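Those sequence lines, one after another, are chains P and C.
Under our numbering, the first residue of the first sequence carries the number 1, and numbering increases by one thereafter.
Under our numbering, the first residue of the second sequence carries the number 1, and numbering increases by one thereafter.
Hints listed in this document are in silico derivations from the structure and should not be mistaken for laboratory results.
Since the model is a prediction, treat every value here as computed from it, not as a measurement.
Keep in mind that the hints are not guaranteed to be accurate.
Interface residues of chain P toward chain C, partial, derived using beta-carbon atoms under 10 Å [stated by the list, open to error]:
1) Thr14
2) Ala55
3) Pro59
4) Gly60
5) Val61
6) Gly63
7) His184
8) Gly186
9) Pro209
Where is the CB? At the ideal position from N, CA and C, for every residue including glycine.
Number of protein chains: 2
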Amino acid sequence: MAEARAAIRRGEWTTHTSGLARDHVQGNVVILPQALAGDFLRYCQRNLKPCPVLAVSEPGVPGLPALGADIDIRTDVPRYRVWRRGELVDEPTDIATHWREDLVTFVIGCSFSFEQALLDAGLAMRHIDQNRNVAMYRTSIPTAPAGPFHGPLVVSMRPLRAAAAIRAIQVTSRFPDVHGAPVHLGDPALIGIRDLGRPDYGDAVDVMPDELPVFWACGVTPQAAIAQARPDFCITHAPGSMLITDLLNHQLASF
Amino acid sequence: MAEARAAIRRGEWTTHTSGLARDHVQGNVVILPQALAGDFLRYCQRNLKPCPVLAVSEPGVPGLPALGADIDIRTDVPRYRVWRRGELVDEPTDIATHWREDLVTFVIGCSFSFEQALLDAGLAMRHIDQNRNVAMYRTSIPTAPAGPFHGPLVVSMRPLRAAAAIRAIQVTSRFPDVHGAPVHLGDPALIGIRDLGRPDYGDAVDVMPDELPVFWACGVTPQAAIAQARPDFCITHAPGSMLITDLLNHQLASF
Chain P
1 MAEARAAIRR
11 GEWTTHTSGL
21 ARDHVQGNVV
31 ILPQALAGDF
41 LRYCQRNLKP
51 CPVLAVSEPG
61 VPGLPALGAD
71 IDIRTDVPRY
81 RVWRRGELVD
91 EPTDIATHWR
101 EDLVTFVIGC
111 SFSFEQALLD
121 AGLAMRHIDQ
131 NRNVAMYRTS
141 IPTAPAGPFH
151 GPLVVSMRPL
161 RAAAAIRAIQ
171 VTSRFPDVHG
181 APVHLGDPAL
191 IGIRDLGRPD
201 YGDAVDVMPD
211 ELPVFWACGV
221 TPQAAIAQAR
231 PDFCITHAPG
241 SMLITDLLNH
251 QLASF
Chain C
1 MAEARAAIRR
11 GEWTTHTSGL
21 ARDHVQGNVV
31 ILPQALAGDF
41 LRYCQRNLKP
51 CPVLAVSEPG
61 VPGLPALGAD
71 IDIRTDVPRY
81 RVWRRGELVD
91 EPTDIATHWR
101 EDLVTFVIGC
111 SFSFEQALLD
121 AGLAMRHIDQ
131 NRNVAMYRTS
141 IPTAPAGPFH
151 GPLVVSMRPL
161 RAAAAIRAIQ
171 VTSRFPDVHG
181 APVHLGDPAL
191 IGIRDLGRPD
201 YGDAVDVMPD
211 ELPVFWACGV
221 TPQAAIAQAR
231 PDFCITHAPG
241 SMLITDLLNH
251 QLASF
């Protein structure tokens with residue numbers, strides 16, 4: 001873990017972190033001006049399943065001591081995205097030049113944590129077997145708005161046979177801080193998904209005739225809400241390039 | 001509970017026990033000659049999901065102190081079925097005249113316990129709303145045989161919308177001693193059920209277009225195995241007319 005974070009900090013690892021420091025919790029990153037931080041935290045609190053907040057920084061402070069003594073959010077994400085009024089303006093590997101004294105960092109739980117638990121339980125995941133990003137979809141389920149933040153619930157989908165789906169519900173229920181149990185399974189149309197073969201984010205994977213698509217609330221949901229809110233300034237991680245924390249995935253298990 | 005059991009003992013309550021003493025664990029009853037008891041217990045041990053044994057009596061002893069200090073299995077079931085070589089020969093309200101010194105009583109967990117937990121969790125069940133017996137089906141899933149006991153897994157089915165099905169999996173996972181989590185959901189054909197409208201036991205209920213059929217291992221499974229084994233002598237409860245125990249349903253919750 002320390003090695004992985006050091007390589008990222010030195011700018012030597014600039015891509016996705018799937019499979020890096022497998023036992024450690026990784027997080028989605030959202031960095032917003034303090035003026036919007038209150039609304040955003042309220043948005044997360046009202047939409048806990050897609051937006052489980054693992055830590056919030058002090059304004060202007062690049063450390064996140066709850067997630068790791070030495071974390072510096074300006075250097076410890078492999079690749080960032082810098083947004084102005086909803087437009088992507090930069091994709092740097094550190095944000096030293098973008099840093100401001102009014103910035104507040106949010107770290108939000110990520111499905112990598114429960115995927116490790118699913119693998120440990122002997123459940124295969126198609127997107128991992130096929131070395132693809134997980135398939136993600138905007139749904140017809142609205143999130144609860146707060147201030148300028150609103151938008152659809154975004155879900156990730158993993159196809160599983162029924163017995164594996166039941167086991168996956170049990171396993172992921174133990175991880176309420178990283179999206180927890182699925183929000184839906186079976187007919188995608190019931191949550192407004194027209195075509196499983198055309199995800200809104202990530203890569204499509206095959207769903208076999210004896211499988212059910214199983215849908216979990218996804219940490220892309222807050223990014224979709226930010227895209228709707230078009231804040232003057234915002235920094236996020238690049239998709240898949242997460243913050244690696246000191247926390248261990250099993251520490252997030254509820255029992 | 002004490003009142004309900006006393007009324008049953010006096011022969012004043014001779015029908016199904018659904019809704020009686022709601023907070024108390026009810027059990028399926030199987031009474032076999034000692035010569036078959038070892039094989040039957042082994043059968044249950046190998047098929048824990050459909051056959052969770054709550055208690056086994058001493059041979060010839062009508063008490064079951066683990067389930068209630070004053071239980072007398074000869075009088076405390078509303079209606080019995082007496083079987084000889086697999087043929088139903090009597091349906092008495094007590095079995096004093098059938099009692100033998102070599103009989104061993106098995107009490108097996110029952111879905112009434114988890115149904116109460118599902119109701120407490122705010123989940124409606126169609127068969128209860130429609131005042132019917134739950135729909136039960138023989139599946140293509142074989143049980144693990146032991147001695148003369150073998151046969152198909154029997155499942156009960158409850159139709160639920162996806163979010164309710166996910167919640168029901170969580171709730172029933174807490175009750176491993178009363179069948180636990182479902183064994184299947186979705187396409188009935190995958191477990192050898194051809195027509196949901198024609199259950200093998202109990203009553204059919206409607207499955208709405210936005211619902212999934214959810215299948216739990218069922219305590220009728222051991223009765224199906226006994227029907228296959230055709231023992232010289234056997235006594236069971238009549239379907240739905242269960243033994244009411246002193247145990248509380250919440251005592252069976254695992255966490």
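Hint-by-hint comparison with the structure:
1. Thr14: This interface hint is violated because 38 Å lies over the 10 Å limit.
2. Ala55: This hint is violated: Ala55 of chain P lies away from chain C, its Cβ roughly 27 Å from the closest one there, beyond 10 Å.
3. Pro59: 38 Å, violated
4. Gly60: This interface hint is violated because 41 Å lies over the 10 Å limit.
5. Val61: 38 Å, violated
6. Gly63: 36 Å, violated
7. His184: With Cβ-Cβ at 5 Å, under 10 Å, it holds.
8. Gly186: Holds - the Cβ of Gly186 of chain P comes within 10 Å of chain C, reaching about 5 Å at its closest.
9. Pro209: 9 Å, holds
Violation of the numbered hints given earlier is confined to hints 1, 2, 3, 4, 5 and 6; the remaining hints are satisfied by the structure.
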